[in-house]
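Could you build the full structure based on these sequences and the hints that come with them?
Residue numbers (this note's numbering), protein chains in the order written: chain A, 1 to 414; chain B, 415 to 527.
Certain hints may be false.
What the hints assert, rightly or not - The calculated lysine-lysine pairs, modelled on BS3-like cross-linking and capped at a C-alpha distance of 25 Å, are:
id, chain 1, residue 1, chain 2, residue 2
1, B, K481, A, K279
2, A, K256, A, K173
3, A, K399, B, K481
4, B, K489, A, K279
5, A, K118, A, K128
6, A, K203, B, K508
7, A, K126, A, K173
8, A, K128, A, K203
9, A, K123, A, K256
10, B, K481, A, K269
Said to hold, decoys possible - So the derived list for chain B, only partly shown, Cβ under 10 Å to chain A, looks like this:
id, residue
11, V462
12, T466
13, L495
FYI, nobody ran anything at the bench for these hints, they're computed from the structure. The structure displayed is predicted, hence computed values, not measured ones. Glycine included, C-beta positions come from ideal geometry on N, C-alpha and C.
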Amino acid sequence: MSSEKPNLPLQDGASRRSFVKAFSAAVGANIVFGNLIPDGVVPVAMGQTPEPFSIPGKPGLTILNDRPLNAETAAHLLNDAITPASRLFVRNNGLPPMKVDADSWTLSIGGESVFNPKTYTLKDLKSKFENVDLALTLECGGNGRAEFYPPASGNQWTIGAVGCPVWNGIRLKDVLEDCGMKDDAVYIAYHSADRHLSQDPSKDAISRGVPISKAMEAESMIAWGMNGEPLPSHHGYPLRLVCGGWPGSTSGKWVKQIDIRNQVHDGTKMTGTAYRVPKYPVKAGATVPDEDMEIIESMPVKSLITFPQSGVEVNLGDSLKLNGHAWAGDYEVASLSLSNDFGQTWVEADLKKPVNRLAWQQWSGDVSFPKKGYYEVWARAVDSEGVSQPMLIPGWNPKGYLNNSCYRIAVYVV
Amino acid sequence: MGLIGFLVFFASAAVLVATDEEGEEKTDPTSGMVIDEHWDLVRANCIVCHSTKGFTQIRLDRNNWEKIVRLMQEKNGLWPLGEMEPKILDYLEKNYGLTDEHHNPKIRRPLLD
Numbered sequence: 001m002s003s004e005k006p007n008l009p010l011q012d013g014a015s016r017r018s019f020v021k022a023f024s025a026a027v028g029a030n031i032v033f034g035n036l037i038p039d040g041v042v043p044v045a046m047g048q049t050p051e052p053f054s055i056p057g058k059p060g061l062t063i064l065n066d067r068p069l070n071a072e073t074a075a076h077l078l079n080d081a082i083t084p085a086s087r088l089f090v091r092n093n094g095l096p097p098m099k100v101d102a103d104s105w106t107l108s109i110g111g112e113s114v115f116n117p118k119t120y121t122l123k124d125l126k127s128k129f130e131n132v133d134l135a136l137t138l139e140c141g142g143n144g145r146a147e148f149y150p151p152a153s154g155n156q157w158t159i160g161a162v163g164c165p166v167w168n169g170i171r172l173k174d175v176l177e178d179c180g181m182k183d184d185a186v187y188i189a190y191h192s193a194d195r196h197l198s199q200d201p202s203k204d205a206i207s208r209g210v211p212i213s214k215a216m217e218a219e220s221m222i223a224w225g226m227n228g229e230p231l232p233s234h235h236g237y238p239l240r241l242v243c244g245g246w247p248g249s250t251s252g253k254w255v256k257q258i259d260i261r262n263q264v265h266d267g268t269k270m271t272g273t274a275y276r277v278p279k280y281p282v283k284a285g286a287t288v289p290d291e292d293m294e295i296i297e298s299m300p301v302k303s304l305i306t307f308p309q310s311g312v313e314v315n316l317g318d319s320l321k322l323n324g325h326a327w328a329g330d331y332e333v334a335s336l337s338l339s340n341d342f343g344q345t346w347v348e349a350d351l352k353k354p355v356n357r358l359a360w361q362q363w364s365g366d367v368s369f370p371k372k373g374y375y376e377v378w379a380r381a382v383d384s385e386g387v388s389q390p391m392l393i394p395g396w397n398p399k400g401y402l403n404n405s406c407y408r409i410a411v412y413v414v
Numbered sequence: 415m416g417l418i419g420f421l422v423f424f425a426s427a428a429v430l431v432a433t434d435e436e437g438e439e440k441t442d443p444t445s446g447m448v449i450d451e452h453w454d455l456v457r458a459n460c461i462v463c464h465s466t467k468g469f470t471q472i473r474l475d476r477n478n479w480e481k482i483v484r485l486m487q488e489k490n491g492l493w494p495l496g497e498m499e500p501k502i503l504d505y506l507e508k509n510y511g512l513t514d515e516h517h518n519p520k521i522r523r524p525l526l527d
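Following this line, the structure appears as C-alpha cells:
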C-alpha cells in the first residue's frame with residue numbers, strides 16, 4: 001500500500017522503461033514521477049488494480065495475481081519442445097529480492113548434517129563443478145486447481161503452470177558431496193533472498209526442499225541459466241534449484257543457502273496444507289487433520305494438446321493433426337492416446353523419448369471425424385508404471401493440488 | 415503502520431465519494447473488489463501485504479474464509495481482528511462466497527471454444 005513496496009527486479013533500463021510505460025497504461029494514467037521509480041519497483045497501484053496488464057518479456061501470459069506475481073501460459077503458447085523464457089509460467093510466494101548482484105552472490109551449504117559447511121561464489125560454482133545442461137519439466141503443484149470443487153484457496157491455475165526449458169548449471173549432488181554429508185542426513189532445505197509478503201524480515205516467503213535421495217539424483221540441479229541465457233529475474237536470477245518432476249516449489253529461486261538437515265525440513269510451506277495432500281482419499285470439502293497430510297513428491301502423469309488451439313474448425317473429410325507434450329513426474333511416459341468421442345474409443349499417438357530423464361516428451365497424432373458437428377479431442381497419457389491420467393478430476397484435497405485430468409480441445413467439423 | 419493506516423483511511427474516503435455519485439453497488443475502481451458493507455474493514459486489514467486478486471479469483475464458504483483468516487494470523491503476521499472479524503467474514507461470505515452459480519460439480523461442461 002505504500003510506495004516503497006518493491007515487487008519485481010528488472011535487469012536493464014530499456015525493459016524498465018517499457019515496464020513503467022506498460023504500468024502507466026494499466027493504471028489508466030501516467031505515473032507521476034515514473035522516471036524516478038528505481039529498477040525493480042512496481043508502482044503500488046499495480047498491486048491493487050483490476051486492469052489487465054502484461055509482464056514485460058512474457059507476452060500472452062495470463063496474470064492470476066499481481067502481488068505476489070503469478071501468471072500462467074495458455075496451452076497453445078506452450079507448443080515449443082523446449083519452453084522459451086517468454087512462455088514459462090511465473091510463480092511467486094513472496095516478493096522477489098530488490099537488488100541482485102550476481103558477482104557478489106554466494107551460496108552457502110550448512111545444516112545439522114553437513115561435514116564441512118562451505119560458501120561458494122557463483123564463479124566458484126561455475127569453475128569447480130561439471131557444468132550440465134538438462135531439459136527438466138517444472139510444474140506448479142497447484143496446476144489445475146481451478147477445476148476442483150469445492151474450490152480451494154490460492155491461485156486458480158488452469159493448465160498452464162508447466163514448462164520445460166533447458167537449465168544450465170551444475171548437479172546439486174556434486175556440491176553436497178564437496179561438503180560431505182553425515183550419516184543422519186535426511187533432507188535438503190533451501191533458503192532464498194525473496195521476501196515475505198508482509199516484508200517481515202524474520203519470515204521466509206518460502207523455504208522448502210527434497211529428501212536426500214531426490215537431491216542426489218543426476219537431474220537435481222543448481223542452475224544459473226535457462227536456455228543458454230542467465231536466469232530471467234522472474235525465475236530466480238542469479239541462482240536457483242531445479243528438481244525436475246516434483247512440485248515447482250521444491251525448485252527454490254534466488255537461492256542463498258542450502259541446509260543438509262537431519263530431519264524432514266520444517267520451513268515455510270512445508271507444513272499444514274501447503275504442498276501436502278491427504279494420506280488417504282477424502283470426501284470433497286473434508287477437513288483433514290495436519291497429521292493425516294503428507295508432502296507431495298513426484299508429480300502425476302499428465303499431458304497437453306498444444307496444437308491446434310481449442311475451437312478449431314476442420315472440413316469434413318480432412319484429418320486433424322495434433323501435437324503436444326506429456327510428462328510423468330519421476331517416471332517416463334509410456335503412451336499417449338487421443339479420443340474424439342469423449343473417451344469411448346482411443347487411438348495411440350506417436351510419442352518421442354525424452355531428450356533426457358525428467359524432460360517432457362513430444363507426441364503427435366491424427367484424428368479423423370465421421371460426420372459434421374461438435375467434437376472434443378481428449379488426450380490421455382499413461383506412465384511407465386502403467387498409471388493413466390484420469391478423464392475427470394482426481395481426488396479432492398484441501399488445497400487443490402495434483403489435478404492431472406485429461407486435457408481436451410473443442411473441434412468443429414464443418 | 416501509522417502511515418499505512420492513514421493511506422487506507424484516505425483511499426477509503428475517496429472510494430465512498432465515488433460510489434455515492436453512482437448510487438448503486440459497484441466495484442472499487444482501484445482494487446476490483448465489490449463495494450459493500452464492511453469493505454472498508456477488508457481494505458484496512460486484508461490487503462496490506464497482498465493483492466486483492468487473492469480474493470477476486472476465489473470463492474469460499476464462510477468456514478473456509480475463517481480458515482484463511484486463521485492461516486494469515488498464524489503464519490503471515492495478521493493481527494487479531496476482534497469485533498471486526500465477523501463483519502469481515504460477513505462481507506467475504508456475501509460477496510466472495512460459494513454458490514451454485516459459480517460451479518456445478520456434477521456437470522463437466524462442454525468446452526464450446
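*Which earlier hints turn out false for this structure, listed by number in ascending order?*
6, 8 and 13
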